[in-house]
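Using the sequences provided together with the hints, build the complete structure.
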Amino acid sequence: MREGAGLALYDVTVRHHGPFGPITAVDGVSLEVPQGTTVGLVGESGSGKSTLARAVVGLDSPCAGRITVGGRECRGHRAADRRRLGQQVQLVFQDPDTALDPRMTVRQSIAESAGAFVRLDRRSREQRISGLLELVGLDAGCADRVPRQLSGGQRQRVAVARALAVDPAVLIADEVTSALDVSVRAALLTMLRDLQRRMGFAMLFISHDLAAVRHVSDAVAVMYLGRIVETASTENLLRSPRHPYTRTLLSAVPSLHAGRRPVGEPLLPGEVPDPASPPTGCRFHPRCPVGPSRRPGRDVCAARDPQQDAAGQPHRAACHFPYHVGDCPPQAGSVHPDANGDRAPRTPGDLPS
Amino acid sequence: MVLFPPSPSTPGAAAGRSRASRSVWASPIGVITLTMLGSLAVLAVAGAVLWGQAADRPDPSAVLRGPTASHLLGTDHLGRDLLARLLSATWLSLLLAVAATLLGAVAGITLGALTAVVGGRARRLLGALINLLLAFPALLVAMFFAALFGAGAGGAVFALAVASAPGFARITQTLAAGVAGTDFMAAARVLGLRRHRLLLHHVLPHIAEPLMLNTTVAAGSALVALSGLSFLGLGVQPPSYDWGLLLSQGLDRIYTEPLPAVAPGVAIVYASVAFQLLGEVLAGAAARRARTRQLEEPAVHPARADRPASVDHVLEVEDLRVALPSPDRVVRPVRGVTLALRRGEMVGLVGESGSGKSLTALAIADLLPDGACATWGTHRFLGADAESSTRKERRRQLATGMAVIFQNPASAFNPSLRIGTQMTEAVRAHHGTPRAQAVEQALAQLQRVALPGGRRLLRSRPFQLSGGQRQRVAIAAASMMRPGLIIADEPTTALDVTVQRQIMDLLRRIRHDDATAILFISHDIALVADACDRVLVMYGGTIVENLPAHELATGARHPYTRMLVASVPDMAADRDRPLHTIEGGPPDPCGAVPGCPFHDRCPHRLDRCAVESPVLSPLDPGHEVACWRPLPPALLCGQRETEEVEK
Numbered sequence: 001m002r003e004g005a006g007l008a009l010y011d012v013t014v015r016h017h018g019p020f021g022p023i024t025a026v027d028g029v030s031l032e033v034p035q036g037t038t039v040g041l042v043g044e045s046g047s048g049k050s051t052l053a054r055a056v057v058g059l060d061s062p063c064a065g066r067i068t069v070g071g072r073e074c075r076g077h078r079a080a081d082r083r084r085l086g087q088q089v090q091l092v093f094q095d096p097d098t099a100l101d102p103r104m105t106v107r108q109s110i111a112e113s114a115g116a117f118v119r120l121d122r123r124s125r126e127q128r129i130s131g132l133l134e135l136v137g138l139d140a141g142c143a144d145r146v147p148r149q150l151s152g153g154q155r156q157r158v159a160v161a162r163a164l165a166v167d168p169a170v171l172i173a174d175e176v177t178s179a180l181d182v183s184v185r186a187a188l189l190t191m192l193r194d195l196q197r198r199m200g201f202a203m204l205f206i207s208h209d210l211a212a213v214r215h216v217s218d219a220v221a222v223m224y225l226g227r228i229v230e231t232a233s234t235e236n237l238l239r240s241p242r243h244p245y246t247r248t249l250l251s252a253v254p255s256l257h258a259g260r261r262p263v264g265e266p267l268l269p270g271e272v273p274d275p276a277s278p279p280t281g282c283r284f285h286p287r288c289p290v291g292p293s294r295r296p297g298r299d300v301c302a303a304r305d306p307q308q309d310a311a312g313q314p315h316r317a318a319c320h321f322p323y324h325v326g327d328c329p330p331q332a333g334s335v336h337p338d339a340n341g342d343r344a345p346r347t348p349g350d351l352p353s
Numbered sequence: 001m002v003l004f005p006p007s008p009s010t011p012g013a014a015a016g017r018s019r020a021s022r023s024v025w026a027s028p029i030g031v032i033t034l035t036m037l038g039s040l041a042v043l044a045v046a047g048a049v050l051w052g053q054a055a056d057r058p059d060p061s062a063v064l065r066g067p068t069a070s071h072l073l074g075t076d077h078l079g080r081d082l083l084a085r086l087l088s089a090t091w092l093s094l095l096l097a098v099a100a101t102l103l104g105a106v107a108g109i110t111l112g113a114l115t116a117v118v119g120g121r122a123r124r125l126l127g128a129l130i131n132l133l134l135a136f137p138a139l140l141v142a143m144f145f146a147a148l149f150g151a152g153a154g155g156a157v158f159a160l161a162v163a164s165a166p167g168f169a170r171i172t173q174t175l176a177a178g179v180a181g182t183d184f185m186a187a188a189r190v191l192g193l194r195r196h197r198l199l200l201h202h203v204l205p206h207i208a209e210p211l212m213l214n215t216t217v218a219a220g221s222a223l224v225a226l227s228g229l230s231f232l233g234l235g236v237q238p239p240s241y242d243w244g245l246l247l248s249q250g251l252d253r254i255y256t257e258p259l260p261a262v263a264p265g266v267a268i269v270y271a272s273v274a275f276q277l278l279g280e281v282l283a284g285a286a287a288r289r290a291r292t293r294q295l296e297e298p299a300v301h302p303a304r305a306d307r308p309a310s311v312d313h314v315l316e317v318e319d320l321r322v323a324l325p326s327p328d329r330v331v332r333p334v335r336g337v338t339l340a341l342r343r344g345e346m347v348g349l350v351g352e353s354g355s356g357k358s359l360t361a362l363a364i365a366d367l368l369p370d371g372a373c374a375t376w377g378t379h380r381f382l383g384a385d386a387e388s389s390t391r392k393e394r395r396r397q398l399a400t401g402m403a404v405i406f407q408n409p410a411s412a413f414n415p416s417l418r419i420g421t422q423m424t425e426a427v428r429a430h431h432g433t434p435r436a437q438a439v440e441q442a443l444a445q446l447q448r449v450a451l452p453g454g455r456r457l458l459r460s461r462p463f464q465l466s467g468g469q470r471q472r473v474a475i476a477a478a479s480m481m482r483p484g485l486i487i488a489d490e491p492t493t494a495l496d497v498t499v500q501r502q503i504m505d506l507l508r509r510i511r512h513d514d515a516t517a518i519l520f521i522s523h524d525i526a527l528v529a530d531a532c533d534r535v536l537v538m539y540g541g542t543i544v545e546n547l548p549a550h551e552l553a554t555g556a557r558h559p560y561t562r563m564l565v566a567s568v569p570d571m572a573a574d575r576d577r578p579l580h581t582i583e584g585g586p587p588d589p590c591g592a593v594p595g596c597p598f599h600d601r602c603p604h605r606l607d608r609c610a611v612e613s614p615v616l617s618p619l620d621p622g623h624e625v626a627c628w629r630p631l632p633p634a635l636l637c638g639q640r641e642t643e644e645v646e647k
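Residue numbers (the numbering used here), protein chains in the order written: chain H, 1 to 353; chain Z, 1 to 647.
Treat each hint with caution, since some may be false.
[Said to hold, decoys possible] Output of the computed footprint for chain Z on chain H, the stretches with three or more beta carbons under 8 Å from beta carbons of chain Z:
1) 173-183
2) 187-198
3) 221-227
Hints in this document: simulated from the structure, not taken from any laboratory.
For each residue, glycine too, the CB sits at the ideal point set by N, CA and C.
Shown next, in the form of structure tokens:
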């Protein structure tokens with residue numbers, strides 16, 4: 001696989017039909033997920049994360065922009081195009097209760113997926129199924145059960161096995177852990193990380209759980225109202241977030257070990273604006289803690305879109321007045337760097353066996 | 001005390017699914033249906049064989065006779081025996097009806113199910129086509145096509161199939177739309193499966209049951225409609241004959257001889273009622289399968305521990321047990337929970353799904369689902385013993401002294417009522433507050449939860465608010481009555497992280513200002529540690545540890561709590577240290593295994609753990625553990641677990 005292959009999005013825009021005209025759910029998003037790495041996509045509900053995921057797998061069609069997988073653009077609505085895309089990109093859904101056909105056994109579900117693109121004879125299909133079950137840490141006895149007889153974590157593992165059965169180049173995990181319990185969640189996160197190291201697919205890990213994103217991702221992109229406001233490597237983004245929205249988001253995460261937070265002022269004034277008529281300029285400016293409503297004279301935020309200025313930098317923050325790298329986050333207690341300071345980024349090579 | 005006394009047990013209630021569906025056929029209506037269908041089947045097969053010759057044998061000496069001993073229904077204009085003709089017509093009448101129904105069903109179901117698997121434009125076109133076809137009355141369409149295809153049995157069957165197809169298409173379209181929106185269909189699409197596979201493997205199996213019921217009922221109507229066509233001369237043509245044609249021939253002389261006309265009519269009604277009944281019985285069997293059975297026996301009445309009421313406590317519950325009936329067995333999700341909340345205390349109740357934390361809360365609030373049965377040793381709320389008060393008094397006390405905030409703010413409000421009405425109804429009903437004063441109180445509460453808009457907000461309806469706003473309104477409404485206890489059941493799980501923090505801040509402020517105790521239920525232990533004074537950890541229906549919230553991160557003594565804490569991905573933890581996972585699954589909520597519920601997953605278990613259940617006993621002041629071998633407090637959390645794993 002050549003360098004830079006994986007998933008790449010260029011200026012992707014997706015519109016939905018709303019009751020009062022079109023709603024731009026994803027607005028000019030560019031994002032790259034290189035082969036063998038994980039990019040975490042965080043943002044609140046309504047920010048367009050799931051729409052983006054659906055656009056990548058072809059369930060929603062973007063009205064502008066390009067999506068390439070492995071350097072090749074995936075477009076077209078014909079069945080053959082869809083099949084080619086399905087072979088490259090797979091999606092794991094949020095809710096394991098509905099993601100599996102309740103009338104199909106685990107074996108049937110995985111067999112359907114494994115046989116979707118390659119013709120397998122009976123023996124190789126059985127081998128493939130047991131191999132996949134082993135891969136996701138389920139014992140072979142699960143194969144003949146229906147989803148109702150499995151626990152939430154087991155179902156989600158089956159869903160992952162089904163997605164990986166086609167051996168995709170890109171895996172999209174859309175809030176895969178949010179319906180699971182804490183102990184099960186940890187196991188699934190560890191499994192996903194481990195599988196990625198072994199199989200080398202690119203993964204877009206969508207979640208609103210920053211701690212989970214931090215645990216699996218190499219880089220993180222933060223979305224607000226259909227746009228990506230900040231992109232950086234996980235360490236940089238969490239240690240020194242530059243966009244005010246990212247800071248707010250980070251300071252809102254409760255931490256078990258960081259001690260109690262004081263009762264403070266409301267984090268963000270106002271409500272999330274209506275995506276049908278987003279604010280002008282920077283979309284975050286009406287609620288921004290350092291924006292024109294708090295600091296007079298920053299009228300540029302309401303007038304000009306900071307999106308363009310940020311392009312092309314390794315740590316992109318779409319903000320006219322970003323925090324500097326050295327600035328301490330607003331509540332240092334809740335986010336602090338790891339004890340051992342700088343570490344080399346994780347690579348697929350240096351894993352413990 | 002027993003909250004929901006179980007109904008008198010029925011001896012056969014222990015049966016599983018097979019017995020349940022069999023009992024439908026054993027019921028009077030099932031027996032009648034089976035008898036009717038059986039007689040029709042016998043007649044259809046044997047009628048033509050036994051009476052076919054008699055039915056076609058003309059007798060010029062006995063033309064147009066009335067009922068006699070040799071011809072019970074009389075004879076027709078060629079002297080053929082009408083009873084023989086009626087019986088041997090069963091075959092053709094039923095065959096045509098079933099054929100027309102099946103043809104119509106296949107066409108309609110195909111058309112309707114296609115809408116679930118084709119693209120957007122084709123789906124709209126198909127939908128429009130179905131709507132258009134539905135706009136014409138079915139019988140008119142049938143007559144039109146019968147005339148078009150030419151009079152005859154085949155023409156009538158095709159005409160009726162065409163007429164009934166849009167109805168099938170519509171119901172299939174509706175049912176399939178439900179399947180098309182599911183995640184598993186999306187997953188199948190992402191796999192690039194071909195349309196016929198989607199249709200046959202994913203759509204049709206899910207909607208087969210209601211469609212079969214519908215088809216059965218439609219067969220009855222088709223029989224009537226076909227007879228109608230024959231009666232009008234558009235259906236079966238002589239020399240063939242079905243019930244409709246016999247009816248038509250009998251009608252010519254109905255004033256002299258009513259029986260030759262009435263008898264085919266009775267046959268038509270009999271057969272169509274049989275089909276309708278079959279549909280009823282099948283629907284009944286399907287519904288019965290979904291229904292759960294009642295509890296057979298009340299749960300064991302726990303011994304009462306008579307302790308004096310503590311004035312400081314808002315709520316005291318001892319040995320709470322909940323049993324839930326399920327289709328095949330009794331689930332016991334709560335198995336002896338003891339807890340107490342002081343005034344103004346915020347207590348977190350954490351546990352995984354299935355640990356019984358939500359049912360504990362529902363039992364305390366007297367909101368258990370139907371059929372559930374709660375028992376307890378002691379239950380004191382605001383100093384009043386639940387057992388010594390009547391049900392009405394208890395309800396009233398709960399209504400004024402307790403408020404519940406639910407997980408999903410979208411479904412916690414009645415969507416058709418204004419916010420103001422829903423916020424003020426409790427004070428107006430229980431305190432008799434006049435309307436204007438209640439509105440003033442509501443406005444004050446809304447201001448407290450930092451919701452602008454005042455009266456305008458009170459006039460709005462729930463759907464006009466965002467999720468966070470709705471949850472804030474729910475908190476405002478909960479604090480309207482100044483309750484002694486607020487139960488917050490996962491109040492932030494459906495909300496975003498920034499909104500979550502707003503809600504938590506609000507709850508903390510209310511508890512400070514009003515000295516309201518809050519029982520905060522969550523699976524997010526980081527959130528609970530951050531917000532609460534004390535944490536109760538639940539596992540397998542029991543409380544395994546009760547500890548101060550600030551000790552949760554490092555001072556937990558129960559192995560389960562330790563492992564739970566170690567499994568949380570934390571923003572401040574080392575990213576490359578693998579997360580700890582708890583092997584195995586939660587205990588079976590139906591089983592009655594003695595011993596500690598955690599023993600089969602516990603790395604520190606003793607032999608004793610499997611046979612004897614530990615009780616919650618104090619370790620340090622304010623710290624209770626239900627464990628035979630609590631972990632020593634000195635070791636840093638996580639480190640030890642990692643060592644264990646490495647071993």
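We went through each hint and held it up to the structure:
| no. | hint | in the structure |
| --- | --- | --- |
| 1 | 173-183 | holds (count 3) |
| 2 | 187-198 | holds (count 3) |
| 3 | 221-227 | violated (count 0) |
Of the numbered hints given earlier, the model fails hint 3 alone.
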